[in-house]
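Enquirer: In case you want the letters, here they are:
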Amino acid sequence: MQIYAGIDAGSRTIKIVLMDAEGRVAASSLRDQGVEVVALAEELLDGLLGRAGLERSDLGRVVATGYARNAITSADTTITEITCHAAGVLRQTPQARTIVEIGGQDSKVIHLDDSGHVRDFAMNDRCAAGTGRFLEVVADKLEVPLNALGELAGGSTSPSAISSMCVVFAETEIIGLLAAGEQRANIVAGVQHAITSRVAAMIGPNARGPIIFTGGVAMVPGMDRALADSLGAEIQIADEPQMTGAMGAAILAAETP
Amino acid sequence: MNDTPAQITLDQWDERYDQLRSAGLVEPSYGGPLRRHLADGDTRLAHLRYDNSPAALRLWNFLLTEEDRLRDARAAGAKIVGAMKDLGTVAVMACSMDNVVAFYPDGAWWIPCMMELGAGLLNIADSLGFDESFCPVRAMLGAFVTGEHFPRPDLLTCSVGATCDDFSAIAQRIEAMGEKIVWWEAPHRRRPDRGETPVELPGGFVAPQCQVDFVRGELQRVADALADLTGAKLDSHMLAAGIEAANRVRAVLRELRQLAYTAEPCPMGALEMLIAEMLAIHFCSDRTESIAVLDGLLDEVKRRVDAGLGVARPGAARIFWINPVADLRVMNLLEECGGRICGTEYLFPHAIDKIPTDIEPMEALARMALADPMIGPSAGRAARICDDISKFGAQAAVISRISGASHCAMEGTVIADRIRKNLGVPVLEIETPPLSDSMRPTLKTRLEALVEIVKRQKG
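These protein sequences, in sequence, are chains W and H.
One point on numbering: in the working numbering, the residue at position 248 of the first sequence is 248, and numbering is uninterrupted.
One point on numbering: in the working numbering, the residue at position 159 of the second sequence is 159, and numbering is uninterrupted.
A hint or two may mislead.
[Unchecked claim] Estimated spans, in silico, between C-beta atoms of each pair: (1) H:A75 x W:A201: 51 to 57 Å; (2) H:K458 x W:E55: 35 to 41 Å; (3) W:E255 x H:E336: 21 to 27 Å; (4) W:P94 x H:Q19: 55 to 61 Å.
Simulated from the structure, these hints should not be mistaken for lab results.
C-beta atoms are modelled at their ideal positions from N, C-alpha and C, and glycine is treated no differently.
Throw the hints in and build the complete structure from the sequences for me.
Expert: Rendered as structure tokens:
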């Protein structure tokens with residue numbers, strides 16, 4: 001059986017999707033990123049192949065994406081996250097016209113044309129204020145597990161206004177809010193809105209729908225609502241949003257002659 | 001001798017240079033191996049990739065010996081004029097006079113890149129109150145303090161008014177340190193009101209005659225200062241001859257750009273073309289040699305086009321580049337990512353346009369000065385860029401924002417919106433510091449993504 005692999009070597013996690021020639025997902029997995037990017041990716045790939053009863057010799061083309069894509073030695077080629085996320089989303093939602101991807105260290109807005117081709121994109125990768133890293137900082141400061149932030153934000157009655165455009169200064173604001181007795185739920189909700197406001201500014205006023213929300217941050221409860229509020233538009237969360245890039249890479253691996 | 005075009009490293013240039021010398025390479029007085037400039041502290045050279053032609057070697061050697069040329073001119077008794085900000089006007093006037101050479105101290109903005117911050121110019125600027133919130137041209141301030149990168153000019157001019165606020169602030173600081181500056185004002189170009197006489201400017205712009213008259217008066221003040229400096233009056237005949245010589249440089253450059261940016265495969269790399277375009281502004285203080293250098297480059301490009309040879313990968317994405325990069329290495333990166341340059345707007349398209357020769361010379365220069373894209377509405381600059389993108393057949397555009405430059409704060413967005421709306425081509429906005437190595441992965445992702453978009457659209 002010919003198998004195609006997509007490896008998304010992201011800043012926070014490594015994701016791999018194995019796909020057969022008919023485009024069916026044969027297996028997928030992810031693990032936290034570390035210093036030994038190559039070893040981690042190869043280990044994850046071998047483990048995934050093993051669990052699926054496959055061997056390296058079953059592998060056809062391997063496409064790597066993500067910030068560490070160029071380090072993945074088993075990849076036949078590399079393709080950027082922008083193209084891979086678009087391919088992954090389009091497989092699920094062919095009518096998608098805007099993709100918002102918020103990852104651990106960056107965020108992206110991808111505009112698609114009527115044919116589903118990437119028309120344009122914008123990236124924020126120099127400031128943590130529009131990324132998942134902001135949530136991590138807040139979780140740490142509020143002593144709340146990252147995966148519990150969404151539930152906490154759900155109890156917000158009045159999201160705090162986080163005005164700083166920089167995570168470092170926002171952290172100072174949060175300390176001030178806590179000292180003033182502000183509820184943690186309102187602070188978390190305020191941070192969620194601060195992140196999505198940054199992303200909304202990247203999208204601009206004329207985003208075409210459907211708007212698909214993907215990337216690891218899409219899994220944090222409440223972020224979809226915050227993004228919809230900031231955009232003033234409906235959004236859909238992609239299936240398995242963390243895996244979209246790897247899925248797209250696998251699709252492109254299978255499609256490439 | 002292998003004449004196949006290639007982009008090579010500095011190490012490879014060592015070997016290539018020896019081969020060329022053995023094959024009888026004839027060099028100008030400033031010739032020599034590229035590596036010798038490392039000894040001057042230009043360490044960035046070790047990280048760039050260069051065109052392997054003798055014409056490119058001559059171009060680089062010409063660029064990197066500017067300081068020597070200026071000091072030699074001083075020693076020979078020539079007067080040195082430092083023209084700041086106007087990008088292509090005062091240099092034409094100065095070079096029209098006997099025994100005068102001109103240069104742009106603004107060019108110091110590349111020193112932090114070329115010396116990989118080794119000269120400490122930005123630190124000096126920081127200490128004088130011009131931190132990273134200002135344009136990298138603040139390196140010029142450091143250069144004036146150290147006096148190590150160009151000789152102190154005998155006359156210093158600076159255009160002000162509808163120009164970059166940063167630049168004016170930096171130049172004011174230079175004046176406060178004791179340098180006398182002849183300021184001349186460039187008004188914000190506007191369309192004529194009803195009843196005003198319209199004047200067509202190069203580049204397709206229009207301005208009222210009263211603005212042209214005003215600039216002409218300002219330039220006359222500069223001419224008077226030049227007369228005071230040299231003891232000779234800059235008359236119309238001298239200026240006409242100077243304009244004719246400047247037009248020769250511009251004509252070669254226009255032909256070079258047309259060929260290099262449209263031929264397939266790409267006959268000359270982005271880096272050499274960037275340097276070549278810069279000669280339009282200041283001639284590297286030797287107009288005659290500047291023409292010879294550009295002629296050599298043009299001949300090489302013609303040879304390659306005729307032979308169907310190039311340096312970029314076949315089918316490379318055709319990119320229009322807006323604004324010069326603070327880090328020259330980024331131009332190499334574009335090509336590594338599968339792109340090639342098809343048209344540029346490095347802030348001085350007016351310095352490549354032909355200066356009118358059918359009108360009085362000072363009037364012609366005033367019109368040229370008013371055609372500077374930076375002193376008019378951003379929409380006007382954007383419109384010209386859109387025209388050029390179409391003319392060169394570019395498939396995408398990169399706007400290289402200049403960090404801290406006040407004229408760029410919103411201009412990038414205005415230009416990007418216009419390109420997207422009018423042409424429907426993808427636009428990438430990036431911002432690079434003088435040394436972008438730490439940002440290389442993210443820059444690479446963005447440029448690669450742009451190339452992927454173009455290729456998927458083509459496919």
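Enquirer: If a hint holds in the structure, say so; if it does not, say that too.
Expert: Verification of the supplied hints:
1. H:A75 x W:A201: 51 to 57 Å: For A75 of chain H and A201 of chain W the Cβ distance comes to about 56 Å; the hint holds.
2. H:K458 x W:E55: 35 to 41 Å: holds, 37 Å
3. W:E255 x H:E336: 21 to 27 Å: Given a distance of about 25 Å, which is inside 21 to 27 Å, the answer is holds.
4. W:P94 x H:Q19: 55 to 61 Å: holds, 56 Å
Checked against the numbered hints listed earlier, the structure breaks none of them; every hint is satisfied.
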